[in-house]
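Protein sequences appear in the order of chains A and B.
Heads up, the final residue of the first sequence is numbered 441 in the working numbering, and it's a clean run with no missing numbers.
Heads up, the final residue of the second sequence is numbered 395 in the working numbering, and it's a clean run with no missing numbers.
Derived by calculation from the structure, the hints in this document are not laboratory data.
Check the hints yourself; a few may be wrong.
Stated by the list, open to error - What the simulated footprint calls covered on chain B by chain A, stretch by stretch (three residues with Cβ under 8 Å from a Cβ of chain A suffice, anywhere in the stretch; the number is not a length):
id, stretch
1, 14 to 21
2, 86 to 97
3, 117 to 127
4, 221 to 227
5, 320 to 332
6, 343 to 354
What the hints assert, rightly or not - Every beta carbon over 10 Å from chain B, so not counted as near; a handful from chain A, in silico:
id, residue
7, 38
8, 73
9, 83
10, 121
11, 260
12, 284
13, 431
Said to hold, decoys possible - The following residues of chain B were derived to be distant from chain A, with all beta-carbon distances above 12 Å:
id, residue
14, 9
15, 78
16, 101
17, 106
18, 109
19, 188
20, 246
21, 262
Just so it is clear, the structure is predicted and the values come from calculations on it, not from any experiment.
Note that the Cβ used here is the ideal one computed from N, Cα and C, for glycine as well.
Each chain, letter by letter, is given below.
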Amino acid sequence: MNYPVWIVPYLGGGWIIGIIAIIHVYLSHFAVGGGAFLAITEGLAYKRKDDRIYDYLKTHSRFFMILTSVSGAVTGVAIWWAIALVNPDGTAILIQNFTLAWALEYLFFAAELATVFVYYYSWDKISKEQHLLLARLYCFLSIMTLVIINGILTFMLTPGLWIKTHYWLDGFLNPTYFPSLIMRLLIMFAIAGMYAMVTSSRLQDQDLRSYMAKYCAKWLLPIFLAGPLVAFWYISNVPQATMSTIFTGIQSSGVGNFSILARTLYLSLILSGTIVLFAYFGPYLNPKGFTFRIAILFLACGLGATGSTEYMRELLRKPYVVYNYVYSNGIRKEDVPRLSQEGFLNAGVWSKACTAQGENNEQRGEVMFRYQCMSCHTATGYRSMKKLLGERDEDAIYGFLTMLKETNPEKNQYLGIMPPLTGRDEELKDLAKYLSTINKANVNLTFKPN
Amino acid sequence: MDPHSLIPHYQALPFPAPLWLLQTLLILGFFLHAIPMNFMLGGTFLAAIFLAKGLKDKSSYEYRIGRGLVKGLPIYTSVAITQGIVPLLFVQLIYGPMFYTSSVLIAVPWFAIIFILLVAYFLLYWVVYKASPAASEDGSKYPKAKFGPLILLVSVAMMAVIGFIFSNNMTLMLHPEKWMALYQHSSSGLNLNTADPQVPPRYLHMVIGALAVAGLLVGMYGLYWNKKDNDYSAWLIKRGSAIYIFYTLLQIPVGLWFMYSLGHDTMHKFMGADTLATGVFGVSMVLMVASLAGTIFAAFKGSAAAFTSGMTAGILCVLAMIVNRHQLRHFMVSPFIQPESVQVSTQWDLLIVFVLSAVALIAYLVWLGKTIYKAHNPANKPPLQLGEQSQSAV
């Protein structure tokens, strides 16, 4: 409401965050899990006095350093870029609350990167003990970045006591903090194992390649054993209202009782299960037959599993950015009654300025659409209004919008997944007018102010 | 349209620490970002020139420093990116209403920075591993070495584009009167702030500054080689000083143009109307003269001591200029937002943890620095070339 809306045609702003976040999560989880992998594997090489493993680690650590320091760090910055462009109000809330936590994470991140460079550039230059110490320090520092960022990530879904106290630690150590931390660590070990399969599949020494393939497969074991238990722990701390939407589903988010959330959950479980089984029958039982192509296939499956799991986590939080505090369209929950009574468009700085530029009802309706709907919907692309509205005429749309304005869940079945619509009756009518033009041919959808 | 009606509100939450501390961290964070960023941008350009000059004779000093710079570039880039987090975080906190808005208005080029940076960064690694063999290595194993300078120039051109987009956003956030017209032009963020007369001099000021600081970087390599290879060290100090002097002299007309582009009222804040701003500006000018004096002496004599004093003054001059830059921003946004008016509720517990961790980080980085220095300069062995040291790992 306060800021101009960045219109991302067809895709919608949400996917800009989504695509970057999925890639970043996959790389950053590797950065953390890979740290543990380097430390433990180097410990193994040291214990066994096996130079071949040392040689392998030198190659692997170069791949590791480049991938994490270039793509991992840059996609991390990209998330900042994306969230600030797509949801400046929500980003400002997070930053105002957690500036110092982020600043603290930065300290660990800076130490982590400095360590990875010293670690890599000191191969064969310092004693083996000292090098092993560097690997362990890297592992510790990278886990610390997770320990901090996990508090901010989980805060958004379960802000806990913060809602009442606004005390940062209440938000940080929230109900899903620990299950999420453990879950992410398990996922990180698995991802580290999968990435290491890629580098070890290139080894020339057949014995070592078999040994490493089997060894890397074992990194998937923790999630196989503890994953379901931790997932249950996590889910039992998630707001129960969101859990019911997973399985009951609602009309708009899927077909009947099989919601998009449930489908994503099943996809994530199927992909994760496939990876684990595949790891057992592939590199673990038949390490000799393990090839580079199979390793790449693992990585692709891993990306799919990460993508669907992160997508599900985002869906779980709907319709909020910070649960029970601010909605995905940037409207604070406590402002809803006031906005409905006094009007929406004139309550925000840029929504008001854009409305003033509008010449007619349709254009004002388009401004309503930008601010209240476009954080999740597009006119003709992803979650398109054209498709969702179908053949409804203006009156039917208006009737539907008045239902969306209800804040009683008995009267508005969409409340579990969509913010309530806010605004006075005229504003809803303008929105209905605009939406009814979307299905008409030859109507220019883009709001054109003076 | 009245620009005051376009200024978003701060969130209804307090700042987590006193404003002076947040501003100090913003300035310090930007300083620690600007130096490696200058190494990265200016260093990539100088590396391309040195490598191109020395391509035919790998034992030449030109090739040696070109290669030395190339080896460092991924690290400078990584540090620049990591250090960039700090000013980004605090500028969003303190000046968010202006910064978020201008970012959305130029969303497409602003977001493109990420992809341009990724490619520019990967190109640096490409040159490190594929196009910069050590003098002792068999050149035929590096058939693409001749493309090294060209690839570096492509990379530096991409970095220059990033800088240009940054200059656009950093000026647009100061000019809300331009916002609505840009949003009307494209609400998908296909805009730039190129019509702003401040952009060209401000951008040039930054780029030329980066080249000057990269000259200091070349001299710093000279300090590293001091007493290990005195001829090479003196050559580096002379060459680095000359580069610094050249770009700093070039900076004078550009700086004046930049000052002039600010407009009468703002310019006068730095020329007497505001005591603190004028004082800092005066200090920066004294430091610039001191840095020139030191580097001019070093350029002729190759003296490490003269270079060190010139370099120190030059880097402090950058810091003073960064304080001025911050003051300029504060002057320009103060008619529109007042960060002073935001309530403060200091998160003491977290602040203490942060400060203690920061002290621990500094100590840790010193230890890491010593570790890597000792690793590459063993007491009982003659020192190797900087580039050759990591050869076994490469």
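Status of the hints after comparison with the structure:
no.	hint	result
1	14 to 21	holds (count 5)
2	86 to 97	holds (count 8)
3	117 to 127	holds (count 5)
4	221 to 227	violated (count 0)
5	320 to 332	violated (count 0)
6	343 to 354	holds (count 5)
7	38	holds, 22 Å
8	73	violated, 7 Å
9	83	violated, 5 Å
10	121	violated, 7 Å
11	260	holds, 32 Å
12	284	holds, 24 Å
13	431	holds, 21 Å
14	9	violated, 4 Å
15	78	violated, 8 Å
16	101	violated, 4 Å
17	106	violated, 6 Å
18	109	violated, 9 Å
19	188	violated, 5 Å
20	246	holds, 32 Å
21	262	holds, 26 Å
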